[in-house]
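Protein chains: 2
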Amino acid sequence: MSRIGIIAGTGGLPLALAQALPDAHVVAFEGASVAVPEDRLDRHRIEKLGGVFDALRAAGVSRVVMAGAMSRPALDPSALDPVMMALAPRILMAMQGGDDALLRLVITVFEEQGFAVVGAHELLPDLTAGDGLLAGPAPSDRARADIARGRDILAAIGPMDVGQGCVVAEGLCLGVETLQGTDAMLRFVGETPGSLRGTRRGVLVKRPKPGQDLRVDMPAIGPATVEAAAAAGLDGIAIQSGAVLLIDRAELLSMVEARGLFLLAEPA
Amino acid sequence: MSRIGIIAGTGGLPLALAQALPDAHVVAFEGASVAVPEDRLDRHRIEKLGGVFDALRAAGVSRVVMAGAMSRPALDPSALDPVMMALAPRILMAMQGGDDALLRLVITVFEEQGFAVVGAHELLPDLTAGDGLLAGPAPSDRARADIARGRDILAAIGPMDVGQGCVVAEGLCLGVETLQGTDAMLRFVGETPGSLRGTRRGVLVKRPKPGQDLRVDMPAIGPATVEAAAAAGLDGIAIQSGAVLLIDRAELLSMVEARGLFLLAEPA
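Protein chains in written order, with our numbering: chain E, 69 to 336; chain L, 69 to 336.
Incorrect hints may appear among the rest.
For chains that are exact copies, the list does not tell them apart, and a pair is met inside one copy or across any two.
Unchecked claim - Pairs of lysine to any residue residues, derived as SDA-like cross-links and limited to a Cα-Cα distance of at most 25 Å, are as follows: (1) K116 x S263; (2) K116 x L264; (3) K116 x A103; (4) K116 x T267; (5) K116 x E106; (6) K116 x M161; (7) K277 x E295; (8) K277 x T176; (9) K277 x A224; (10) K277 x P227; (11) K277 x L264; (12) K116 x G328; (13) K277 x L201; (14) K277 x E238; (15) K277 x E190; (16) K116 x A154; (17) K116 x R327; (18) K116 x E98.
Read the hints as simulated data drawn from the structure, not as lab findings.
Because the structure is a prediction, the values reported are computed rather than measured.
Hey, can you work out the whole structure from these sequences and the hints?
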């Protein structure tokens, strides 16, 4: 059985994977803040991507998983290795688009180098949710209507590669996730003036874009998401079953209960 | 020639209309913060909408214009007059949707009462912009690409009745306007962490939703919008010609120049 390579970014997922896969070879880029203990990390400069491929091959890796968020690199052009020099035009092109374009390129490049790219949810199915109410009280009819509207909004904006989340409160859209991520959107929602929001609570809807490749940039929620949703005055969180990562699952679910929210998973 | 009735909400537009149309009868709801001098206002309780129709008819008004933002009313059910009692089911239904649903209902109700509803831009064509560069330096190719992407994003989310503006910076979407309005979105954009935004500047794109009825909720920009766009580190603002209100036009244009931004108007 071949070794797994983990390309680790920020957030809780790389650590969860590294702990569940003790034999995996974990790569991180220099300067990235990664929760995996440093002695498990094989650090490389982003400019020396050829060295990453060599190191993975030398470690016997044939399948890789991208885990966690990676900020867009500020490349030092004078430090590019030949592999990155050859890739530069395609990277520049992809960086003009949204995150999807760049991540699709990353997958393509790993595949061109002979690696199979797999999703974290394929390696650890327990990372995602089955259908149904995972924690908290059953959503009200009002909340269910807000979830449906949130799904419609995400489906409409999905092809634009903007974000994977939104907040709807009694029919009103209070936030659409953009580059800054879910927690920033929830802070923004929490700052909505009372003169606009009234007593409306609302729901966070979080799902992949339609047709999104779940091997990269899979949506994720964790305990911090629940805290932020509660602080924003929401009633609950609705995700897509099998397609949203649950970070620190046990803590996440007990946080949902403790904050009196609901967490609902529905199929695509 | 028939008198014009102005239904005045917040913002600069009601005052601009009231000044340009000195013969107009100006109605405002109790509790609304309206910039028109109080002695020009005929105040009514929102629960007594029948009284508004009576007052407009008594004043010889046959055409009305909705001007400025109105927050969703917190109705006192015990105070509803017969007209509002009869409308209550339709109002409740419309309040489940976005702003568009409620505003379409308002137009329908005024029309059912025998009033013609006209747009502010029809009464005062100078309130909107013609095609072209209105102020500031010509946008770069990069800014023009961001404007095109912003238009695509607004077109995609338009049918969802979410908002009329977004910010794009070098292909990345930094904000999508929701209930809180353009200025709140621009503050949010300005708070984007440098680790995510880098040196990207970006553009504010502001346009009506495709197919939007411009007689209500017409998008607007004013000097405060320009200030907020500059504070958010943007390069400029792109609007739709003939379809976005320019509040305090002279001050707005000189503010664009003073802040080094561009203001571009393009057709639909």
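Evaluated hints:
| no. | hint | verdict |
| --- | --- | --- |
| 1 | K116 x S263 | between (53 Å within a copy, 21 Å between copies) |
| 2 | K116 x L264 | between (50 Å within a copy, 22 Å between copies) |
| 3 | K116 x A103 | within (22 Å within a copy, 60 Å between copies) |
| 4 | K116 x T267 | between (53 Å within a copy, 23 Å between copies) |
| 5 | K116 x E106 | within (19 Å within a copy, 68 Å between copies) |
| 6 | K116 x M161 | within (19 Å within a copy, 59 Å between copies) |
| 7 | K277 x E295 | within (24 Å within a copy, 34 Å between copies) |
| 8 | K277 x T176 | within (19 Å within a copy, 36 Å between copies) |
| 9 | K277 x A224 | both (9 Å within a copy, 13 Å between copies) |
| 10 | K277 x P227 | both (7 Å within a copy, 17 Å between copies) |
| 11 | K277 x L264 | between (29 Å within a copy, 21 Å between copies) |
| 12 | K116 x G328 | neither (48 Å within a copy, 39 Å between copies) |
| 13 | K277 x L201 | within (22 Å within a copy, 36 Å between copies) |
| 14 | K277 x E238 | both (23 Å within a copy, 21 Å between copies) |
| 15 | K277 x E190 | within (18 Å within a copy, 40 Å between copies) |
| 16 | K116 x A154 | within (12 Å within a copy, 71 Å between copies) |
| 17 | K116 x R327 | neither (45 Å within a copy, 41 Å between copies) |
| 18 | K116 x E98 | within (10 Å within a copy, 66 Å between copies) |
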